[in-house]
Amino acid sequence: MPALRVIKRDEPWKGGALVIVLGALAFSLGAGILMLAAQGKSPLQGAVVLWQGTFGNVFALEDALRKSVPIFLCSLGVAVAFRMQVWNIGAEGQFALGAIGATWAALSFPGLPAFLLLPLMFLAALVAGGLWALVPAWLRLRLKVNEIITTLMLNYIAILLLDFLVFGVWKDPTSFGFPMTPEFPRAALLGPIGGTRLHWGFAVCLAAGAGFWAFFRFTLLGYELKAGGEGARVARYAGLPYGFLVGFVMTVSGALAGLAGCVETSAVLGRLQPSLMAGYGYTAIVVAWLARLEPLPIALASFLLAVLRVGVENLQLEMQIPAAYGSIMEGLILLSVLAGQFFLTYRLGRREG
Amino acid sequence: MNLFTSMRAKLAVLCLAAALALSLAACGEQKAEQKAAEKPAVEAKPAETPAADKKLKVGFIYVSPVGDAGYSYAHHQGEKAVAALPYVEASYVESVPEGADSERVITNMARKDFDLVFATSFGYMDSTLKVAKEYPKTRFMHCSGFKTADNMNNYFGRMYQARYLTGMVAGMMTKKNILGYVAAFPIPEVIRGINAFTLGARSVNPQAQVRVVWTKTWYDPALEKDAAVSLLDVGADVIAQHQDSPGPQEAAQQRGVYSVGYNSDMSAFAPKSHLTAAVWNWAPLYVQTVEEVKNGAWKGNQAIWWGMDKGVVDIAPYGPMVPDEVKAKVEARRAELKAGTDTVFTGPIRDQAGKERYAAGQKAPDADLLGMTWFVEGVVGTTE
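Each protein sequence line maps, in turn, to chains R and W. Just so we're aligned, residue 1 is where the first sequence starts under this note's numbering, counting upward by one. Just so we're aligned, residue 1 is where the second sequence starts under this note's numbering, counting upward by one.
Treat the hints with care, as some may be off.
[Said to hold, decoys possible] What follows is a set of in silico ranges between Cβ atoms, one per label pair, in the way DEER data are often shown:
| hint | chain 1 | residue 1 | chain 2 | residue 2 | range |
| --- | --- | --- | --- | --- | --- |
| 1 | W | M321 | R | A324 | 29 to 39 Å |
| 2 | W | K112 | R | G191 | 38 to 48 Å |
| 3 | R | M153 | W | R111 | 37 to 47 Å |
[Claimed, not checked] Simulated pairs of lysine to aspartate or glutamate, EDC-like, Cα-Cα distance not exceeding 20 Å:
| hint | chain 1 | residue 1 | chain 2 | residue 2 |
| --- | --- | --- | --- | --- |
| 4 | W | K55 | R | E183 |
| 5 | R | K171 | W | D233 |
| 6 | W | K112 | R | E183 |
| 7 | W | K147 | R | D172 |
| 8 | W | K216 | R | D172 |
| 9 | R | K41 | W | E89 |
| 10 | W | K80 | R | D172 |
| 11 | W | K112 | R | D172 |
| 12 | R | K171 | W | E377 |
| 13 | W | K310 | W | E325 |
| 14 | W | K216 | W | D265 |
| 15 | W | K363 | W | E384 |
| 16 | W | K133 | R | E183 |
| 17 | W | K147 | R | E183 |
| 18 | W | K130 | R | E318 |
| 19 | W | K54 | R | D172 |
| 20 | W | K130 | R | E183 |
Read the hints as simulated data drawn from the structure, not as lab findings. Here a beta-carbon is modelled for each residue, glycine too, at the ideal position from N, C-alpha and C.
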């Protein structure tokens, strides 16, 4: 009787990653449709509404692109650190610091013209996010404190700092005591591109993505980072400045998350308020992992996740599907992609006899 | 070992086969769906053209899940009353974070030609205003904020009236004279509620003090419960809350002390400790708003703040442990409020430092209440 068995691959499966992602998407979609049916909703209508709320609609696509901007930037930042096996879980806090930096610039120099104020805000965000991430790097190098714990804990501190500022010194005096800064001056707002609803933060994403790619592709430092990921001892043996590299990746990682915070504050909210913190920093970790730390897949994964979130809202509105459905779908896709990666190293073969 | 590997292999194959079958089925189904769906869409169009019997499209947007027995649940009950009207088609989106996400959801409703949108959380204010300016044909109702436009009103209820009554109940039921209050954010809405609760408690028990803990979240069951426990640890024997989950109620019941709920009747979660609750009843306001839109009587630039006299706020039925004399005292005050006599914030009222803010007989104007950032005498805690 012919049967199948699991065999370790001799060489990596070329193009396998794509097959796995598509397969996992199809599997999740199928399971999602079954879930709808189990709830007594028409899967037929569900698929149509989901389509209309995502790819079948220019507005929805624009919305998804807008939403993917902060996820992409944070994820890119996380990927820089992960490539060197430095586990930066602190994108959320670095995102907050970026927003704080940008807000500081916007509130301190309201009279500046846009061509000076915006670069200043970006600079402040990069520096604030980068320095915030440098703290755990320093702690790791000097005191050997695990950066997973310190980056995570700094997230809470960052969010409390943001709260402290918007509840306190930066609170809008005309807001009736509600926690928010005054609205930014016009010059501090990152405007839309042409007649679209996309803002210039999208261009920032393109630049950051291209920079990321070129850095790892063409520079010696990029190569050293990858090599340094094999561990401190390997790096030292190869004559690499390990401490510098850890500090460098954490700073870049934090600066990218800070950039996301600046873009989100300036282009979307137009002021700083606690609701800025929507968990993008954590989503970013998932996205980076899903995309195996490659920039183009990160862009795709950010976009797909954003599309899904936007689409599920439409599903809720049209069919009263609970919000939890979106989270379940997200988890399902993630889990099946990760589980599917089993087939990158193993394959199914016919068993002899 | 051989057996084990072969079993594992079989399992893997089985899973794979199932996955394949599922995804294939999904693809097949989807194609069929798309074809099927095209048809009714075409047929539906002519039916829409006679505008006379076109239904009023009303959208609701909620900050938390509607099943949470809390704030969004209460609004959702109001939505149900609206949806029951024959000329209304109501729909909602739940768990929408305040900020960029809310702007997108509200815009999506406006694009779909909703006639009326209820944005039920404070943080939706700027998004709502932004969308209102872009889509002048849609009418917007924003809850608990302070901005308005030609096609946008803000609305809220005088929850402090119900808070005052629950404070009276708590003040009479406490033995240690320490009341605990788990509170979300130090904003006027919450501070006003704590003050009213304290004034109510001290009106019947001048020894009572109210201890406040901030959670800085509207909805986080575990954190809310922890905050309640910290209050129990300092000796509070009644726990009140300005939170959206029943977590604090459960904490109170576990320690065998009393509790006061918020948003909806939370007695199901803590039957042994739930004295009463300050509850929302949005149905009258929502139904009237929809009727106004239907009749063309709806006007923008309004700030609507209804009280107990219109039924928007009230208290939940008393628990079995509340004695009749307590009920009688509270009911007398409740009857006054129902009749429209609101003396909750009428002096003499002192602040925490003992300074007189309102002299005897002086009533705090609404503007003061809406911008309240200080605690009355009897509150232990800071507004930070």
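Results for each hint:
The beta-carbon spacing between W/M321 and R/A324, approximately 36 Å, falls within the hinted interval of 29 to 39 Å. A hinted range of 38 to 48 Å for the beta carbons of W/K112 and R/G191 is inconsistent with their spacing of about 26 Å. At roughly 42 Å, the beta carbons of R/M153 and W/R111 sit within the given window of 37 to 47 Å. Of the pairs offered as hints, the one joining W/K55 and R/E183 is violated, with about 38 Å between alpha carbons and a cut-off of 20 Å exceeded.
Between R/K171 and W/D233 the alpha-carbon distance is near 33 Å, which puts this suggested pair outside the 20 Å criterion. In summary, the hint linking W/K112 to R/E183 is not supported, as the alpha carbons are separated by about 29 Å, beyond the 20 Å threshold. Taking the CA atoms of W/K147 and R/D172, the gap is about 14 Å. The hint holds against a cut of 20 Å. A threshold of 20 Å between alpha carbons decides the hint, and for W/K216 with R/D172 the separation of about 18 Å falls inside it, so the pair holds.
Among the hinted pairs, R/K41 with W/E89 is consistent with the structure: their alpha-carbon atoms are about 18 Å apart, no more than 20 Å. Taking the CA atoms of W/K80 and R/D172, the gap is about 37 Å. The hint is violated against a cut of 20 Å. Taken as a hint, the W/K112 and R/D172 pair is broken in the structure, with Cα atoms around 34 Å apart against an allowance of 20 Å. For the hint linking R/K171 to W/E377, the alpha-carbon distance of about 25 Å lies beyond 20 Å, and the restraint is violated.
Between W/K310 and W/E325 the alpha-carbon distance is near 26 Å, which puts this suggested pair outside the 20 Å criterion. With a C-alpha separation of about 23 Å, the suggested pairing of W/K216 with W/D265 is violated against the 20 Å cut-off. Pair hint W/K363 plus W/E384 does not hold up; C-alpha atoms about 26 Å apart against a cutoff of 20 Å. Restraint check for W/K133 and R/E183: satisfied, since their Cα atoms lie roughly 17 Å apart, inside the 20 Å limit.
At roughly 14 Å between alpha-carbon atoms, W/K147 and R/E183 fall within 20 Å of each other, so this suggested pair holds. For the suggested pair W/K130 and R/E318, the alpha carbons sit about 23 Å apart, so the restraint of at most 20 Å is broken. Taking the CA atoms of W/K54 and R/D172, the gap is about 43 Å. The hint is violated against a cut of 20 Å. The straight-line distance between the Cα atoms of W/K130 and R/E183 is roughly 13 Å, inside the 20 Å bound, and the hint therefore holds.
Checked against the numbered hints listed earlier, the structure breaks hints 2, 4, 5, 6, 10, 11, 12, 13, 14, 15, 18 and 19; every other hint is satisfied.
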